[in-house]
Amino acid sequence: MYPGVWTTYILILFFSWLLVLSVFGCTPGTAWTVVNLFHFAITYHFFHWKKGTPFADDQGMYNGLTWWEQMDNGKQLTRNRKFLIVVPVVLYLIALHTTDYQQPMLFLNTLAVGVLVVAKLPNMHKVRIFGINAEN
Amino acid sequence: MVRLPYTTALTTLFSYGLLFAFGQLRDFFRKFVDWFKAKNVKGYAPICLGLEDFYVRRLYLRIQDCFGRPIASAPDSWFDVVERISNDNNKTLQRTSHTTRCLNLGSYNYLGFAAADEYCTPRAIESLKKYSASTCSVRVDGGTTKLHAELEELVARFVGKPAAILFGMGYVTNSAIIPCLIGKGGLIISDSLNHNSIVNGARGSGATVRVFQHNSPAHLEEVLREQIAGGQPRTHRPWKKIIVIVEGIYSMEGELCKLPEIIAVCKKYKAYTYLDEAHSIGAVGQSGRGVCELLGVDPADVDIMMGTFTKSFGSCGGYIAASKDIIQHLKHTCPAHLYATSMSPPAVQQVISAIKVILGEDGSNRGAQKLARIRENSNFFRSELKKMGFEVLGDNDSPVMPIMLYNPAKIPAFSRECLRQKVAVVTVAFPATPLLLARARICISASHTKEDLVTALDVISRVGDLVGIKYFPAEPPKIAEVGHNKLE
Numbered sequence: 001m002y003p004g005v006w007t008t009y010i011l012i013l014f015f016s017w018l019l020v021l022s023v024f025g026c027t028p029g030t031a032w033t034v035v036n037l038f039h040f041a042i043t044y045h046f047f048h049w050k051k052g053t054p055f056a057d058d059q060g061m062y063n064g065l066t067w068w069e070q071m072d073n074g075k076q077l078t079r080n081r082k083f084l085i086v087v088p089v090v091l092y093l094i095a096l097h098t099t100d101y102q103q104p105m106l107f108l109n110t111l112a113v114g115v116l117v118v119a120k121l122p123n124m125h126k127v128r129i130f131g132i133n134a135e136n
Numbered sequence: 001m002v003r004l005p006y007t008t009a010l011t012t013l014f015s016y017g018l019l020f021a022f023g024q025l026r027d028f029f030r031k032f033v034d035w036f037k038a039k040n041v042k043g044y045a046p047i048c049l050g051l052e053d054f055y056v057r058r059l060y061l062r063i064q065d066c067f068g069r070p071i072a073s074a075p076d077s078w079f080d081v082v083e084r085i086s087n088d089n090n091k092t093l094q095r096t097s098h099t100t101r102c103l104n105l106g107s108y109n110y111l112g113f114a115a116a117d118e119y120c121t122p123r124a125i126e127s128l129k130k131y132s133a134s135t136c137s138v139r140v141d142g143g144t145t146k147l148h149a150e151l152e153e154l155v156a157r158f159v160g161k162p163a164a165i166l167f168g169m170g171y172v173t174n175s176a177i178i179p180c181l182i183g184k185g186g187l188i189i190s191d192s193l194n195h196n197s198i199v200n201g202a203r204g205s206g207a208t209v210r211v212f213q214h215n216s217p218a219h220l221e222e223v224l225r226e227q228i229a230g231g232q233p234r235t236h237r238p239w240k241k242i243i244v245i246v247e248g249i250y251s252m253e254g255e256l257c258k259l260p261e262i263i264a265v266c267k268k269y270k271a272y273t274y275l276d277e278a279h280s281i282g283a284v285g286q287s288g289r290g291v292c293e294l295l296g297v298d299p300a301d302v303d304i305m306m307g308t309f310t311k312s313f314g315s316c317g318g319y320i321a322a323s324k325d326i327i328q329h330l331k332h333t334c335p336a337h338l339y340a341t342s343m344s345p346p347a348v349q350q351v352i353s354a355i356k357v358i359l360g361e362d363g364s365n366r367g368a369q370k371l372a373r374i375r376e377n378s379n380f381f382r383s384e385l386k387k388m389g390f391e392v393l394g395d396n397d398s399p400v401m402p403i404m405l406y407n408p409a410k411i412p413a414f415s416r417e418c419l420r421q422k423v424a425v426v427t428v429a430f431p432a433t434p435l436l437l438a439r440a441r442i443c444i445s446a447s448h449t450k451e452d453l454v455t456a457l458d459v460i461s462r463v464g465d466l467v468g469i470k471y472f473p474a475e476p477p478k479i480a481e482v483g484h485n486k487l488e
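So the sequence lines, in the order shown, correspond to chains E and Z.
full-length UniProt numbering numbers the first residue of the first sequence as 1 and each following residue consecutively.
full-length UniProt numbering numbers the first residue of the second sequence as 1 and each following residue consecutively.
Looking at chain E on its own, in the form it has when it is part of the complex (with noise of 0.2 Å):
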């Protein structure tokens, strides 16, 4: 609906890849690594954790609802969801491969994107595993 959202998300993720590598000056592929893991937390915490919506008006019809499930009004599969399904696998290959595949990063890496796609899957829409993060 807004232009330039894919972009911007893009081009945020580039210019923390860029912002990591200036400040601990590490490797490429640890860089990448680094942006992969808080990738992994924020857009769990913002999309799969955090309930409900940022306004009072709707009087609390989504409280139930993660960010991810409301998206696209509850609808499966649309270009958005797709598109968001994809940057963490695109983010996983590029750690992976400028990593040259070496061990602590490449498990850290999978389990990453493991959680991430399982959690955007349509199976998965208004499923709570164990009650975990059941209650309003």
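To be clear, the hints were calculated from the coordinates, so they are not data collected in a lab.
Please note that a few of the clues may not be correct.
Unchecked claim - For lysine to aspartate or glutamate, the following EDC-like pairs were computed, each having C-alpha atoms within a straight-line distance of at most 20 Å: (1) K51/E - D27/Z; (2) K42/Z - D57/E; (3) K50/E - D27/Z; (4) K51/E - D53/Z; (5) K241/Z - D303/Z; (6) K324/Z - D53/Z; (7) K31/Z - E135/E; (8) K267/Z - D301/Z; (9) K50/E - D53/Z.
What the hints assert, rightly or not - Computed from the model, here is a short list of chain Z residues facing chain E with C-beta under 10 Å: (10) A9; (11) L51; (12) F54; (13) K129.
C-beta atoms are modelled at their ideal positions from N, C-alpha and C, and glycine is treated no differently.
Could you slot chain Z onto chain E? The hints should help.
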């Protein structure tokens, strides 16, 4: 799809993202700081959960000194704005006793009736002495005075319909009338940018509501065809009635409605039309009769015409003008007529005097002068702003002109800097407008003189340069053509 330049969209999204990130960070730390504070109501549910008022707490409150500024005089072309100070970073504001005399570009004072007027004010004071400040009664009990009956006839004559009915509040006029006109089994098709009062009335009526793209008669026709063919939801029976609701001037865009085309579409499919002229009655048209006169539509073609007295007539309240049967039905069913206090008599007298001035029945031509002045002022201001390179929305002849700001940081920058230079503007952001399309809305009045407008243009141009909102290239100033005469 929201249209704006691509780089502006990127920077605006980035700004909102940054504001959101900082808000979340502050909330995160606030949770730790408040962990140790004792909670004094145990066992009760919290009044609001932390996330619900996030937008208000972390975005709106940061710039709340730009909204809701109290004023200390009548909202004429120049007025006194009360200064406020904040000791805790805008979380709370305290009024001081200082006022600043500012140029008023925000009040809906289209014809200049907001301040004392030589014809209207003595008569309003006289009616205050004679009928007192309130009728203290509903219209059907003891609240209908001679003034109310006179105004209803006058409004009907002014607008060009057989009869009219008055209400004490403009918002209530829409939200209480629409449920009386249509109910379950009916269809309301309303413009996507309609005012909240219409949305409220439509939701309260129980009818099915569909929206058509803003000001697009082609899309309206598409929606009509689809809905008439489909019928009511689930049963697919034919609709009991269909009402199409549009506004005369849309207050956030300054655009005129494409009335002739929309009326043609509605006639073709036998749908009723409801025209909300809150901003256009009295302000546009050759003799101030609104968009019907401006666009050449016969008032008999619009089934129900609604308007308010707040904007061009300097009073408060609203009216509905329609055929005698509809008004009779409304007088028997509308709760705003049966149970709400009637309009205050001095307010009614103010409208009567204002309409008489506009029609020229007060014996002078001040009405015609005011109408000509507001038209000239609006067109002059709009063309000058466009020449300077601002992005101004709205059609010619419309006294409402929004200047696009887009970026959330430019809202307080523009508003505060203009106030510092003694020009008071109204800025609007989400949720009244789409997220990326924040704007400053200028309302031109007939009481603005040419010097006022030139001062305002000067200030806005300087502030616009500082804030960076001249999104279009400015027209270069015309060089005086001295050489040409010599060739003669």
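Taking the hints in turn, this is what the structure says about them:
{"no.": "1", "hint": "K51/E - D27/Z", "result": "holds (15 Å)"}
{"no.": "2", "hint": "K42/Z - D57/E", "result": "violated (26 Å)"}
{"no.": "3", "hint": "K50/E - D27/Z", "result": "holds (13 Å)"}
{"no.": "4", "hint": "K51/E - D53/Z", "result": "holds (13 Å)"}
{"no.": "5", "hint": "K241/Z - D303/Z", "result": "holds (13 Å)"}
{"no.": "6", "hint": "K324/Z - D53/Z", "result": "violated (47 Å)"}
{"no.": "7", "hint": "K31/Z - E135/E", "result": "holds (19 Å)"}
{"no.": "8", "hint": "K267/Z - D301/Z", "result": "holds (8 Å)"}
{"no.": "9", "hint": "K50/E - D53/Z", "result": "holds (14 Å)"}
{"no.": "10", "hint": "A9", "result": "holds (4 Å)"}
{"no.": "11", "hint": "L51", "result": "holds (5 Å)"}
{"no.": "12", "hint": "F54", "result": "holds (4 Å)"}
{"no.": "13", "hint": "K129", "result": "violated (44 Å)"}
The structure shown violates the earlier hints numbered 2, 6 and 13.
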